[in-house]
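S.K.: Turn these sequences into a full structure, and let the hints guide you.
Residue numbers (numbering that gives the first Met the number 0), protein chains in the order written: chain A, 0 to 501; chain B, 0 to 501.
Read the hints as simulated data drawn from the structure, not as lab findings.
Just so you know, not all the hints are guaranteed correct.
Said to hold, decoys possible - Which stretches of chain A does chain B cover? Using the computed rule of at least three CB atoms under 8 Å from a CB of chain B, they are:
id, stretch
1, 87-97
2, 228-234
3, 481-490
Unchecked claim - Label pairs and their calculated CB-CB ranges:
id, chain 1, residue 1, chain 2, residue 2, range
4, A, ALA179, B, ASP45, 39 to 49 Å
5, A, GLN11, B, GLU4, 13 to 23 Å
6, A, ALA59, B, SER365, 19 to 29 Å
7, B, ALA59, A, ALA25, 47 to 57 Å
8, B, ALA279, A, ASP332, 32 to 42 Å
9, A, LEU460, B, ARG367, 31 to 41 Å
10, B, ALA53, A, GLN11, 17 to 27 Å
11, A, ALA163, B, ARG318, 27 to 37 Å
12, A, ALA59, B, ASP332, 47 to 57 Å
13, A, ALA25, B, ALA331, 41 to 51 Å
14, B, SER334, A, LEU460, 17 to 27 Å
15, A, ALA25, B, ARG367, 37 to 47 Å
16, B, GLU50, A, GLN11, 29 to 39 Å
17, B, ALA442, A, ARG318, 49 to 59 Å
From the three backbone atoms N, C-alpha and C, an ideal C-beta is built for every residue, glycine too.
There are 2 protein chains.
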Amino acid sequence: MTPEEFRAAAHQLVDWIADFRARAAAGELPARSTVAPGEVAAQLPDHLPDELAAVAELLAELEQVVVPGISHVQHPGNFAWFPANASLSSVLGDLASSGLGAIGLSWQSAPALTEVEEVVLDWLRQEAGLSPEWRGTIHDTASTSCLVALLVARERASGFSKDAGGLQSAMAPLVVYTSAEAHSSVGKAALLAGFGRDNLRLVGVDPVTYAMDSSALEAAVAGDRAAGRVPAAVVATIGTTASTAIDPVQEIADIARREDMYLHVDAAMAGSALFLPECAWLFEGVEQADSLTWNPHKWMGTVLDTSAFYVRDPALLQRVMSASPSYLASKADGSVTQFRDWGIPLGRRFRALKLLFQLRLDGLDSVRRRLRRDLANAAWLAEAAAATPRWRVVAPVVLQTVCLRHEPAGLGWAAGGAAGGAGLGVTAGGEAPDGEALDRHMAALTERVNSSGRAHLTTALLGGRLVTRVSIGAEPTERRHVEEVWRLLQEAADAEVSGTRS
Amino acid sequence: MTPEEFRAAAHQLVDWIADFRARAAAGELPARSTVAPGEVAAQLPDHLPDELAAVAELLAELEQVVVPGISHVQHPGNFAWFPANASLSSVLGDLASSGLGAIGLSWQSAPALTEVEEVVLDWLRQEAGLSPEWRGTIHDTASTSCLVALLVARERASGFSKDAGGLQSAMAPLVVYTSAEAHSSVGKAALLAGFGRDNLRLVGVDPVTYAMDSSALEAAVAGDRAAGRVPAAVVATIGTTASTAIDPVQEIADIARREDMYLHVDAAMAGSALFLPECAWLFEGVEQADSLTWNPHKWMGTVLDTSAFYVRDPALLQRVMSASPSYLASKADGSVTQFRDWGIPLGRRFRALKLLFQLRLDGLDSVRRRLRRDLANAAWLAEAAAATPRWRVVAPVVLQTVCLRHEPAGLGWAAGGAAGGAGLGVTAGGEAPDGEALDRHMAALTERVNSSGRAHLTTALLGGRLVTRVSIGAEPTERRHVEEVWRLLQEAADAEVSGTRS
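M.R.: Put into structure tokens, the structure is as follows:
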């Protein structure tokens, strides 16, 4: 494709995207895809067609095959997972990156790719109120950031065993701690890093806040020490996936320092709140961590894949992650940053342009306004649900996620069952609730809302039981959309109860 | 940014990119960036500016700050590293991906994202002549693909230690084998996977072809067995980075099967040649491997980051890489592919659109024509250099990379030194060449060419001595550009010799 062919085709595509985004924001596309397994694949040819497609044909295919096969997270009724706002300013930055076609293999291969990344991550650091000791880079996702952190922790705790006999030569088992509410990627990272499931401790949480119980952490560490094992790392979460619980990072940091453990803080979703002074309390103690990750590609709205990874000791990181092949040697080595030594891949895209474009075209004040809107909407929903009979807000609402449960009398609750308090207990009438029936009820009412196509919610396990998560924060989601999902939830609950009774 | 603001801004950016690409292809931008360390960063503000930028301002900044800070790999004089052709058709696909703003967390979150990836990777499989047993996915780079392969190998060899005591509980050291010419990412992956440098064997290579010596592999494996260690994995390379050497995969596969080792084949660059029937001999034995990776983002020309990773046993891969959090559970589980269980990150971009757009708009025949052009150009250069006194082609030219050395008489070579034969030896006159002086000479003449801004070459170590690599295959590189770099090389060599003598 020549530059002139590209010009013509790209103008068509840009118009298509602008139209598509307007439709998505207006809620004209289903919030949850309704295609069946295999349905998309069945519409594509089995073999690469011999004939080339015209751009218009390909756009028609995008419209007819791809668009129905996506759960549209840019929809105002998207309350699933966490926000994944692909802001259009960052889409421009991503296009600039692909258009430039630069490749980051070393500083020399694209000095601007490295230096813009350094500068922009330092802007974010300042705006987040983090101290100048932090140095940042971009990974694809928080899963990868966590794996990198645990690899560094492993090497630090094993005396850099990678340069000798490897982890397999470890004299005593190294142990990793995280909370039972931590993201699945933490456990996955621990297993991939080779620690083994037997050496992964899922520390208990407070039954009301779902935050890590630091005294339970202390006890687990002491137990492992007594058994001859070596506590190597702890991963604290600021904003867990199920309920945005906030682990007590300051307390955890004190334990980590005393026990010489590496501390990684996973704030994948919540990190965007660092830009709000009123949320600073959520991040207390984070300055004591060894590494911190949060994803601009979530609530902040930079298009995937943009996970910010900050460390306080880049030399330690590089000692673990470096590889210095001869064909990349250049005169600049030593006086520049080589991001290939900060992560797993060698070659990197110019991802910092996504951030640069968003920050310079939209700015952070518009992000702050949006975040505050979402916090207010979550507070509104929590209040509305708490005031409604038989509905419970089952976890503190500190950010933009509201975890709800509907507890109909028929499932073992007395009328008083809708009042506050955490977890499942014995109801006022002394009758034990039927937890499994309640799970089925929550799954069914959530599915009923999702089937409407007007909103998309996900369920999650909290305290062993199913809840409906209302995760607020899609870019077009205003108060009226939150009011609508609340109405849909109540209607679905009523319909389920009638259905059950009929 | 609203859809209408995006429309206006994106049309401007598209025009800028089309113009930029035309200038790059015409060689109007420096092939190697000339900025000094810190020069790009110094042109950016220290803090995020309060005022927003207009799109035109940001494009001016892109032009003035970013463009000079990039070594333009889309330049016809780019002979550095390996081709990284960011074809404009794939740039469109990437824009479609960002514009859609889909997120792949599970099949359900974007069925089309998963199914298009499955279908397109199967198209590539067919076009590459691989058997239907292979199932593919996209990773970011071959570094990551290799790490995933070695994690699977580690778990297979350790009886899935991740589900118990981890690698640290291994009873006997597990060993990884690769050639001394393998990419640095293989060693890095082995260390990150926890094997340890002591258990990484860099098997010797044939002194003429630089391919792995399979009898040396056999001996190393036997030695490890005798010492009580467990051979776990071997990584074979098809197309090494320095000289595109071709490891004898069939022989290696026989050893791997006999010794119950996992075999990963790294064909990051060369894999694109799978589309050429005349290159099939390079891939002999690859059907016996457990995994195979090659990067469409190299020679084939899909924009970064697109590394194809194929496995023969997806169940094994998933057993190692899976994580199944409750909040991603859906009715479709079990009947669909969950790519989160095929790699490290949970969330994924819709990268398959880059391939879909390139394959449907440009097709593979245009790729095949370009590859054949590059092969012919490399053969031409090799022939020209071999016929020129004091120049040597120091490795077989099987693909598009030509490794050259200029051996002036003053550095210890008699007149006959320019004749064929591999490695450094004693010259016809019985005089030992001065290897270090030769390294300095090659570095200096390469730097002289690069300083011209008209071509960009890199050096590499081959057989312990520096060579200049001429890696042919940038999209706009025609015969005349290869002729020019050959003239520049000869002029630089002459200038260095005169300079040395003056």
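S.K.: Return the numbers of the hints above that this structure violates; sort them in rising order.
M.R.: 2, 3, 7, 9, 12, 13, 17
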